[in-house]
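Residue numbers (my numbering), protein chains in the order written: chain A, 1 to 267; chain B, 1001 to 1285.
Keep in mind that the hints were calculated from the coordinates and are not lab data. A hint or two may mislead.
As the list claims (entries may be wrong) - In silico SDA-like pairs for lysine to any residue, Cα to Cα no more than 25 Å straight-line:
id, chain 1, residue 1, chain 2, residue 2
1, A, LYS196, B, LYS1076
2, B, LYS1085, A, GLY186
3, A, LYS177, B, ASP1204
4, B, LYS1111, A, ASP176
5, B, LYS1085, A, ASP188
6, B, LYS1059, A, THR170
7, B, LYS1140, A, ALA212
Stated by the list, open to error - One-sided and incomplete, this derived list gives chain B residues near chain A with beta-carbon spacing under 10 Å:
id, residue
8, PHE1090
9, GLN1091
10, TYR1092
11, TYR1095
12, PHE1098
13, MET1113
Stated by the list, open to error - Listed next, the stretches of chain A that the computed footprint assigns to chain B, with coverage defined by at least 3 CB atoms under 8 Å from CB atoms of chain B:
id, region
14, 176-183
15, 186-198
16, 205-214
Ideal Cβ positions, reconstructed from N, Cα and C, are used throughout, including at glycine.
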Amino acid sequence: MLKDITLGQFFPGNTVVHRLDPRMKLVLTLIYITALFLAQGLFGYALMLGVLITCLALSRISPKTVLRGLRPVLFIILVTVILNVFFITGETILFEYRFIVITQEGLLTAAFMASRLLMLIVGTFLLTYTTSPIALTDGLEQMLSPLKKIRLPIHELAMMMSIALRFIPTLIEETDKIMSAQKARGADFDSGGLIKRAKAILPLIIPLFISAFRRADELATAMESRCYHGGEGRTRMKVLKSAPRDYMALLFGAVVIATVVLLRAAG
Amino acid sequence: MPLLRTEKLNHIYSAGTPFERVAVSDVNFAVEKGEYLGIIGATGSGKSTFIQHLNGLLKPTSGSVYYEGRNIHESKGYARETRFKVGLVFQYPEYQLFESTVFEDIAFGPKNMGLSEAEVRERVLEAAGFAGLKEAQLEKSPFELSGGEKRRAAIAGVIAMRPGVLILDEPTAGLDPQGRDEIVGNILNYKKAREATIIMVTHDMEEISRSVDRIVLFERGKIALEGTPAQVFSEVKLLNELGLSAPKVTLVAERLRELGLPLKKDIYMIEHLRDELKQLREARG
Ligand SMILES: Nc1ncnc2c1ncn2[C@@H]1O[C@H](COP(=O)(O)OP(=O)(O)O)[C@@H](O)[C@H]1O
Ligand SMILES: [Mg+2]
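Pulled out of the complex, with its shape left as it was, chain A reads as follows (with noise of 0.2 Å):
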């Protein structure tokens, strides 16, 4: 079903990730990435898996979420790790056939790339597995306030933002029994030609938008009757407060990357 689908999904908990200021969740997952980009070698990447690891076992997310999230980018790794193995040239060739030449050197290119990709998308799964939408984009709001002073509209953007998640798991809830109504009038959304399915989808495409366009209105309603008058002047029932812990989680980050650097001076 599509509602099985966990990318960018959140998974309450109260654990000491969950916890954590999503500012500085942000900005963990931007050093994270970093470090990711500047690891190299064995030891590099054995130390990011083994600050992954940790994070996903203090987040208590099980393997088989993370997993069951990786299936829908396995197509992407696949690629990449196929073009490396038969593009990348080198010397000690471990096997020849016509134009196929394949090197040792692009064989741990690949594994290197695939496992470097793999963990940047673990990594930032483990932001939206543990952190509630709308934290999330409270925390972004926050974090580039300081871009209104040029004009940019960052409250919308991010009050944009916030709606749009809150509709997706609304939309797919919706999108499930439209098609379900439709198929029980024998609307057969998976067999056929190209031309046949997308005429299919119609009858499920059609009333999607009808609701989705019913819903905004109502919403933009809801929120004027409620005085919305966009972001001036606007306070917040919950106030983001950094505590002990981020502060922890910011050593814990400088630790991490300062590491990597290290070890890629070193080799």
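Since the structure of chain A is provided, determine the placement of chain B with the ligands on it from the hints.
Frame of chain A, contents of chain B with the ligands only:
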């Protein structure tokens, strides 16, 4: 042999994730041809999930569904065939309308069945009649209709497949009393004309007490109680515990009994109470 039957039916949503949820558990259920069955139960008790198994839309996590004695998931073809024989009207079906005219929308099901144009036309007109739509409305866009009319159009869209079993999920939710009575009347007409089997999920106890032969009560994915309206509505206490209520007349009779009138326990229609009270008066002279 029952027309439609389930055996140890279980359904678990999002099995194996933190959102796992048992919606239907171990339900053994059977309905005979021509029966009018009501399904009641609190919100979230699994009614909607259960009925989506009866036409094969949902696959059971375990257990099976039999139509005329054949397992409906026996083959892909048979599962699809069952969808036309067991018509399912979803809750708020008006949100599934999509064609440019009401006629075309009602024709969607019959067309999917691969019927000829003439036959499709005949069925659409017949279904519109059953659902109480006027011929002039058929050429309109479905989005020009009123809420009640949209509901009728959507119900007609399922009736047009001439299902032997018609299942409706809260068909009267959100309608005014008149609209409610009309739709229930239409369903009854279809049942009589086609000798159809009807399964209706509802929250409207007054309505269900008048029309159905048998009531099945769902509670947390299980069948908690099953029987004639008289049997089910005599369990006022149990109904209350489950967050449901008996028809108002039953509650009035219950109160009168508490006050000392020797009334029967299975009063669920106003006529029953009237007759009982008459008898009591005559007995007292
Ligand atoms: N598509 C779905 N995905 C996950 N859980 C669902 C889904 N549909 C229903 N549920 C859950 O299953 C249970 C039964 O729901 P439902 O069959 O809709 O009950 P009812 O129709 O009696 O209100 C509820 O707890 C509901 O939250
Ligand atoms: Mg329901």
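Tested hints:
1. Using a Cα cut-off of 25 Å, the hinted pair A:LYS196 and B:LYS1076 holds, with the two alpha carbons roughly 19 Å apart.
2. For the hint linking B:LYS1085 to A:GLY186, the alpha-carbon distance of about 11 Å falls within 25 Å, and the restraint holds.
3. With a C-alpha separation of about 23 Å, the suggested pairing of A:LYS177 with B:ASP1204 holds against the 25 Å cut-off.
4. The suggested pairing of B:LYS1111 with A:ASP176 holds, with an alpha-carbon distance near 22 Å, which does not exceed 25 Å.
5. Restraint check for B:LYS1085 and A:ASP188: satisfied, since their Cα atoms lie roughly 16 Å apart, inside the 25 Å limit.
6. Pair hint B:LYS1059 plus A:THR170 holds up; C-alpha atoms about 23 Å apart against a cutoff of 25 Å.
7. For a cut-off of 25 Å, the pair hint linking B:LYS1140 to A:ALA212 stands: about 23 Å separates their Cα positions.
8. For B:PHE1090, the interface hint holds, since its Cβ comes within 10 Å of a Cβ in chain A; the closest pair sits about 5 Å apart.
9. At about 9 Å, the closest approach between the beta carbon of B:GLN1091 and any beta carbon in chain A falls short of 10 Å, and the interface hint on this residue holds.
10. For B:TYR1092, the interface hint holds, the least distance from its beta-carbon to any beta-carbon of chain A being 9 Å, beneath 10 Å.
11. For B:TYR1095, the shortest C-beta to C-beta distance to chain A is roughly 6 Å, which falls under 10 Å, so the interface hint holds.
12. Because the smallest distance between the Cβ of B:PHE1098 and any Cβ of chain A comes to about 4 Å, under 10 Å, the interface hint for this residue holds.
13. Among the interface hints, the one on B:MET1113 holds; its C-beta lies about 6 Å from the nearest C-beta in chain A, closer than the 10 Å criterion.
14. Check on the region 176-183 of chain A: 6 of its residues sit with their Cβ under 8 Å from a Cβ of chain B, so the three-residue criterion for coverage holds.
15. Counting residues of the region 186-198 of chain A whose C-beta lies closer than 8 Å to any C-beta of chain B gives 3; at least three are required, and the coverage claim holds.
16. A stretch counts as covered by a chain when three or more of its residues have a beta carbon under 8 Å from one of that chain; for the region 205-214 of chain A and chain B the count is 4, and the coverage holds.
Comparing the model with each numbered hint stated earlier shows that all of them hold.
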